[in-house]
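Trainee: Please model the entire structure based on the sequences and the hints provided.
Quick note, the sequences are listed as chains W and Y, same order.
Numbers given in this note's numbering equal positions in the first sequence, counted from 1, plus 334.
Numbers given in this note's numbering equal positions in the second sequence, counted from 1, plus 1180.
No wet-lab data here; the hints were simulated from the structure.
Quantities reported herein were computed from a predicted structural model and do not represent experimental measurements.
Taking lysine-lysine pairs in the BS3-like style, the calculated list, with each CA pair at most 30 Å apart, reads: (1) K1251(Y) / K391(W); (2) K1217(Y) / K337(W); (3) K391(W) / K1202(Y); (4) K391(W) / K1217(Y); (5) K1222(Y) / K1238(Y); (6) K1217(Y) / K1202(Y); (7) K347(W) / K1222(Y); (8) K1248(Y) / K1237(Y); (9) K391(W) / K404(W); (10) K337(W) / K404(W); (11) K387(W) / K1222(Y); (12) K391(W) / K1248(Y); (13) K1237(Y) / K337(W); (14) K337(W) / K1222(Y); (15) K1202(Y) / K1237(Y); (16) K1251(Y) / K1202(Y); (17) K391(W) / K1222(Y); (18) K389(W) / K405(W); (19) K1202(Y) / K1248(Y); (20) K1222(Y) / K389(W); (21) K1217(Y) / K389(W); (22) K1222(Y) / K352(W); (23) K1238(Y) / K1202(Y); (24) K1238(Y) / K1248(Y); (25) K405(W) / K387(W); (26) K389(W) / K347(W); (27) K404(W) / K1222(Y); (28) K1217(Y) / K405(W); (29) K405(W) / K1222(Y); (30) K1238(Y) / K337(W).
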Amino acid sequence: DVKVTQSSRYLVKRTGEKVFLECVQDMDHENMFWYRQDPGLGLRLIYFSYDVKMKEKGDIPEGYSVSREKKERFSLILESASTNQTSMYLCAGQVGTEAFFGQGTRLTVV
Amino acid sequence: GENVEQHPSTLSVQEGDSAVIKCTYSDSASNYFPWYKQELGKGPQLIIDIRSNVGEKKDQRIAVTLNKTAKHFSLHITETQPEDSAVYFCAAALNTGGFKTIFGAGTRLFVKA
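Mentor: Now the structure itself:
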């Protein structure tokens, strides 16, 4: 089975902290995505990557950056966490057309 | 860019009844339309999909229909069971090297026993 693993299920960070959300996939495929999930808004695309060292902005990239140094790892970075970034973050890897999601990281910024 | 609207946001049905969720998309270039189911505490999981060259697809109790002219597509679940209770997301995707997938806001389905 394809596996996408997010390093933390729950995180609590302080306003202004730099936050790293890590995602690892075992599919050896190029495409990876970061979404945030908020009630009533669904899944909104933050950033995606089609290859190592390649990244493209999604619909809501402000306040975020990403890093893709190795094919299997795609990191989401909150440069200076703010309370409006409190959310559920979902990482996905793509095999063909199908996206495989991790279990999510629920981030609370206080 | 692509925008996907999904209705209703909440749907409650009696066990055994049918459930229908509807979505519209804005970008006529989108050519792939997956549906994902998210159970509590888990990430979304693909349950069925349809491509733009097909009008209908069925897999046991679930079916999807696509109307490209009107830019809308629907999920139909028949003979609903309590384990169908979950959040369902429709999505539209365009092959731009990979499939950039844009999701709807989700429908929370409750199946009452």
